[in-house]
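**Q** Chain order of the listed sequences is A and B.
For the first sequence, this note's numbering assigns the number 8 to the initial residue and increments by one for each residue that follows.
For the second sequence, this note's numbering assigns the number 16 to the initial residue and increments by one for each residue that follows.
It is possible that part of the hints are untrue.
Unchecked claim - Not the full set, but computed from the structure, chain A residues with beta-carbon under 8 Å of chain B:
id : residue
1  : G23
2  : Y39
3  : M41
4  : K77
5  : T106
6  : N107
7  : K108
8  : F111
What the hints assert, rightly or not - So these bits of chain B aren't anywhere near chain A, every CB distance computed over 12 Å:
id : residue
9  : V47
10 : K72
11 : P76
12 : S80
13 : R88
What the hints assert, rightly or not - Listed next, the in silico SDA-like pairs over lysine to any residue satisfying Cα-Cα at most 20 Å (straight line):
id : chain 1 : residue 1 : chain 2 : residue 2
14 : A       : K49       : B       : G57
15 : A       : K63       : A       : V20
16 : A       : K74       : A       : K49
17 : B       : K110      : B       : R82
18 : B       : K110      : B       : T127
19 : B       : K110      : A       : T31
20 : B       : K110      : A       : A105
21 : A       : K9        : B       : Q59
Since the hints were made in silico from the structure, they are not lab data.
For every residue, glycine included, the Cβ atom is placed at its ideal position computed from N, Cα and C.
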Amino acid sequence: QKEVEQDPGPLSVPEGAIVSLNCTYSNSAFQYFMWYRQYSRKGPELLMYTYSSGNKEDGRFTAQVDKSSKYISLFIRDSQPSDSATYLCAMYEDYGGATNKLIFGTGTLLAVQP
Amino acid sequence: KAGVTQTPRYLIKTRGQQVTLSCSPISGHRSVSWYQQTPGQGLQFLFEYFSETQRNKGNFPGRFSGRQFSNSRSEMNVSTLELGDSALYLCASSKETGGHTEAFFGQGTRLTVV
Numbered sequence: 008q009k010e011v012e013q014d015p016g017p018l019s020v021p022e023g024a025i026v027s028l029n030c031t032y033s034n035s036a037f038q039y040f041m042w043y044r045q046y047s048r049k050g051p052e053l054l055m056y057t058y059s060s061g062n063k064e065d066g067r068f069t070a071q072v073d074k075s076s077k078y079i080s081l082f083i084r085d086s087q088p089s090d091s092a093t094y095l096c097a098m099y100e101d102y103g104g105a106t107n108k109l110i111f112g113t114g115t116l117l118a119v120q121p
Numbered sequence: 016k017a018g019v020t021q022t023p024r025y026l027i028k029t030r031g032q033q034v035t036l037s038c039s040p041i042s043g044h045r046s047v048s049w050y051q052q053t054p055g056q057g058l059q060f061l062f063e064y065f066s067e068t069q070r071n072k073g074n075f076p077g078r079f080s081g082r083q084f085s086n087s088r089s090e091m092n093v094s095t096l097e098l099g100d101s102a103l104y105l106c107a108s109s110k111e112t113g114g115h116t117e118a119f120f121g122q123g124t125r126l127t128v129v
């Protein structure tokens, strides 16, 4: 079993829809969570960075963390064709604060249709 | 503020050769991590350098090595290239180590081994 599970999609939605992207993880030691957007042939772009359980909002994006269920989500409101990309969840292995090693999900490919 | 700069963007090498990739982190960032991204395995951690010291190493053969200079710039080297080393190599820049600061990625170096 992988440490981080993410549905690879592809996920196709009409423009203006609310998109829900999710990851589950198995290691309760994970404390810090990030969402990245990656366009084809580009590097990942940091969208959201969260630590505690609860919600964090930034514009059309909301990140949600539920540590009790080991489940994180990214919601995109009013989705646009420019949101079409692969979305990656990532979390730090934080064993006593010794390293910055990130564990990634496989990524979900999102297509927003005009 | 300049982002993370990786050079070169593209490389084509022959099996058995060696290659050196370069990463300049965001100004003021002292941690540089390297990742390999392939369609089959996704993003996998190679190693992290902080203040010129390797902090952690992923599960890759010894052909993969790296270093960090006093100005925080980092290089990674792959010797005796194999076809399976073809991938997008990404570096991530963070202010500190310890798994609690944001990680920003460069655009990557796409390596093709023929």
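**Q** Could you run down the list of hints and mark each one as holding or not?
**A** Here is what the structure says about each hint:
This hint is violated: G23(A) has a C-beta 29 Å from the nearest C-beta of chain B, more than the 8 Å allowed. Hint on Y39(A) holds. Least Cβ distance to chain B is approximately 6 Å, under the 8 Å limit. Checking M41(A) against chain B by beta carbon gives a least distance of about 7 Å; that is within 8 Å, so the hint holds. At a threshold of 8 Å, the smallest CB-CB gap from K77(A) to chain B is about 17 Å, leaving the interface hint violated.
Taking 8 Å as the C-beta contact cut-off toward chain B, the hint placing T106(A) at the interface holds, the least distance being around 4 Å. Interface restraint check for N107(A): the shortest CB-CB distance to chain B comes to about 5 Å, inside 8 Å, so the restraint holds. Evaluation of the K108(A) hint against chain B yields a held restraint, the C-beta minimum of about 5 Å falling below 8 Å. Here the hint on F111(A) is kept, as its CB sits about 4 Å from the closest CB of chain B, short of 8 Å.
Its closest Cβ contact with chain A, about 9 Å, brings V47(B) to no more than 12 Å, contrary to its assignment away from the interface. The claim that K72(B) lies off the interface is violated: its Cβ sits roughly 9 Å from the closest Cβ of chain A, which falls inside the 12 Å cut-off. The Cβ of P76(B) sits about 18 Å from the closest Cβ of chain A, beyond the 12 Å cut-off, so the non-interface label holds. Separation of S80(B) from chain A is adequate, the least Cβ-Cβ distance of about 17 Å exceeding the 12 Å criterion.
Interface exclusion of R88(B) from chain A stands, the closest Cβ pair being 17 Å apart, more than 12 Å. Restraint check: the Cα-Cα separation between K49(A) and G57(B) comes to about 14 Å, which is no more than 20 Å; the hinted pair holds. With a C-alpha separation of about 23 Å, the suggested pairing of K63(A) with V20(A) is violated against the 20 Å cut-off. Pair hint K74(A) plus K49(A) does not hold up; C-alpha atoms about 31 Å apart against a cutoff of 20 Å.
A C-alpha spacing of about 17 Å is found between K110(B) and R82(B), which places the hinted pair at or below 20 Å, so the restraint holds. With a C-alpha separation of about 31 Å, the suggested pairing of K110(B) with T127(B) is violated against the 20 Å cut-off. Between the alpha carbons of K110(B) and T31(A) the distance comes to roughly 27 Å, so the proposed pair goes past 20 Å and is violated. Distance restraint check for K110(B) and A105(A): the Cα-Cα separation of roughly 14 Å lies within the 20 Å cut-off, and the hinted pair is therefore satisfied.
For the suggested pair K9(A) and Q59(B), the alpha carbons sit about 12 Å apart, so the restraint of at most 20 Å is met.
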